[in-house]
Amino acid sequence: MGGSTRSPGILCFIPHKSRYQRLSQRMLDLSGDRGVLKDVIQEGSGELVTPDASVLVKYSGYLEHMDKPFDSNCFRKTPRLMKLGEDITLWGMELGLLSMRRGEVARFLFKPTYAYGMLGCPPLIPPNTTVLFEIELLDFLDSAESDKFCVLSAEQQDQFPLQKVLKVAATEREFGNYLFRQNRFYDAKVRYKRALLLLHRRSAPAEEQLLVETAKLLVLLNLSYTYLKLERPTMALRYGEQALVIDQKNTKALFRCGQACLLMTEYQKARDFLVRAQKEQPFNHDINNELKKLSSYYRDYLGKEKEMCHRMFAPGEHGSTVGEN
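Taking full-length UniProt numbering, the leading residue of the sequence shown gets 1, the next gets one more, and so forth.
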């Protein structure tokens, strides 16, 4: 008896891929073992982050089944500067940052080996967990070269070309600027002074001296402003006047000196500096407002002087004047 035989149907079970698994299929493998995967959201520009750099980043870390980040610094008005290898402890994040350029926004998947390991980080991170980080690289500064250079003796530093000194001084000033923006004025002052010391030590041929003086001017202006923030007007005036030795018509230097003298209640000197600044920039609102403030303070000062003199020489209760026996 003929007849056909039909083999029983085979049910193939195809596991459902998770969201992170689907995402990983179109991501770039940075680590070579698919432990660190990257997807660029917004291209950056310039050089790649250098090893040992300090980075300024916004980041948020997510678990696969959570909409809200388990870790983020995006709520901060000014993120803090973090040094690779010291402040950044996730191996995956360090590898990811080394692949980024300024202004870049990227999404990364870190396998447990490159994140929180087999044990996780209870209670937030379960054991053996892949995490996703979205990172925006705002800026980075490479201080490794600067730190090594600054510990050398003056004789050793003199062996390097001028461009090296200018580069290191510029890095120190950039660090100072970052600290200043964070209102860490004392720390900013330390960085600015390191830059100024490097530039003061360096003697350059006449044809290169202009480069040194230009770099000095920027640092002196920053120091003058920083000392105003530290409420030390005498030092602010000192550095402002040193800036004027380099550029006697520099508006910022004249303005800072005027502000310092106003705080010191040296009203005539303040007026002289501010009028010179106004001559350079007649429509500068900050300068004009400072002159108005000076005028108001000076009127109050004269009024108090007049009142004091009146009290000193006014008749006493019995008709005698101060100073009579």
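Be careful, since some hints might not be right.
Said to hold, decoys possible - Straight-line Cα separation of at most 30 angstroms, DSSO-like style, residue types lysine-lysine; simulated pairs:
hint, residue 1, residue 2
1, Lys83, Lys229
2, Lys68, Lys58
3, Lys83, Lys17
4, Lys249, Lys269
5, Lys83, Lys58
6, Lys279, Lys249
7, Lys167, Lys193
8, Lys164, Lys279
9, Lys269, Lys292
10, Lys249, Lys167
11, Lys68, Lys38
12, Lys77, Lys17
13, Lys77, Lys249
14, Lys229, Lys279
15, Lys111, Lys164
16, Lys68, Lys83
17, Lys58, Lys38
18, Lys293, Lys249
19, Lys148, Lys111
20, Lys229, Lys193
21, Lys269, Lys293
22, Lys229, Lys58
What the hints assert, rightly or not - Derived CB-CB ranges, DEER-like:
hint, residue 1, residue 2, range
23, Lys229, Gly117, 42 to 48 angstroms
24, Ala144, Trp91, 17 to 23 angstroms
25, Asn73, Ser296, 41 to 47 angstroms
26, Thr234, Asn73, 56 to 62 angstroms
27, Asn73, Asp158, 55 to 61 angstroms
28, Thr234, Leu211, 26 to 32 angstroms
29, Leu23, Glu155, 54 to 60 angstroms
30, Leu152, Met118, 43 to 49 angstroms
31, Leu23, Leu138, 41 to 47 angstroms
These are calculated hints, taken from the structure and not from any lab test. Owing to the predicted nature of the structure, the values given are computational and were not obtained by experimental measurement. Glycine included, each C-beta is placed from N, C-alpha and C at the ideal position.
Here's how the hints hold up against the structure:
1. Lys83 with Lys229: holds, 27 angstroms
2. Lys68 with Lys58: Judged against 30 angstroms, a Cα distance of about 15 angstroms means the pair holds.
3. Lys83 with Lys17: Judged against 30 angstroms, a Cα distance of about 37 angstroms means the pair is violated.
4. Lys249 with Lys269: holds, 16 angstroms
5. Lys83 with Lys58: Roughly 14 angstroms between the alpha carbons, so the hint for lysine 83 and lysine 58 holds.
6. Lys279 with Lys249: Roughly 9 angstroms separates the two Cα atoms, so the pair holds.
7. Lys167 with Lys193: At roughly 15 angstroms apart (the allowed maximum being 30 angstroms), lysine 193 and lysine 167 satisfy the hint.
8. Lys164 with Lys279: Roughly 37 angstroms separates the two Cα atoms, so the pair is violated.
9. Lys269 with Lys292: Holds: lysine 269 and lysine 292 sit about 15 angstroms apart, inside 30 angstroms.
10. Lys249 with Lys167: holds, 26 angstroms
11. Lys68 with Lys38: Given that 30 angstroms is the threshold and the Cα spacing comes to 20 angstroms, the pair holds.
12. Lys77 with Lys17: Violated: lysine 77 and lysine 17 sit about 38 angstroms apart, past 30 angstroms.
13. Lys77 with Lys249: At roughly 36 angstroms apart (the allowed maximum being 30 angstroms), lysine 249 and lysine 77 break the hint.
14. Lys229 with Lys279: Judged against 30 angstroms, a Cα distance of about 25 angstroms means the pair holds.
15. Lys111 with Lys164: violated, 40 angstroms
16. Lys68 with Lys83: holds, 26 angstroms
17. Lys58 with Lys38: Holds. Lysine 58 to lysine 38 sits at ~16 angstroms (cutoff 30 angstroms).
18. Lys293 with Lys249: Since the Cα atoms of lysine 293 and lysine 249 sit roughly 22 angstroms apart, the hinted pair holds (cutoff 30 angstroms).
19. Lys148 with Lys111: Violated: lysine 148 and lysine 111 sit about 35 angstroms apart, past 30 angstroms.
20. Lys229 with Lys193: holds, 16 angstroms
21. Lys269 with Lys293: holds, 14 angstroms
22. Lys229 with Lys58: The hint holds at about 27 angstroms.
23. Lys229 with Gly117: 42 to 48 angstroms: For glycine 117 against lysine 229, whose Cβ atoms are near 44 angstroms apart, the range 42 to 48 angstroms holds.
24. Ala144 with Trp91: 17 to 23 angstroms: holds, 19 angstroms
25. Asn73 with Ser296: 41 to 47 angstroms: holds, 43 angstroms
26. Thr234 with Asn73: 56 to 62 angstroms: violated, 38 angstroms
27. Asn73 with Asp158: 55 to 61 angstroms: violated, 42 angstroms
28. Thr234 with Leu211: 26 to 32 angstroms: holds, 30 angstroms
29. Leu23 with Glu155: 54 to 60 angstroms: The hinted range 54 to 60 angstroms holds for leucine 23 and glutamate 155, with Cβ atoms some 56 angstroms apart.
30. Leu152 with Met118: 43 to 49 angstroms: Distance hint for leucine 152, methionine 118 holds at roughly 44 angstroms.
31. Leu23 with Leu138: 41 to 47 angstroms: With a Cβ separation near 24 angstroms, leucine 23 and leucine 138 fall outside 41 to 47 angstroms, so the hint is violated.
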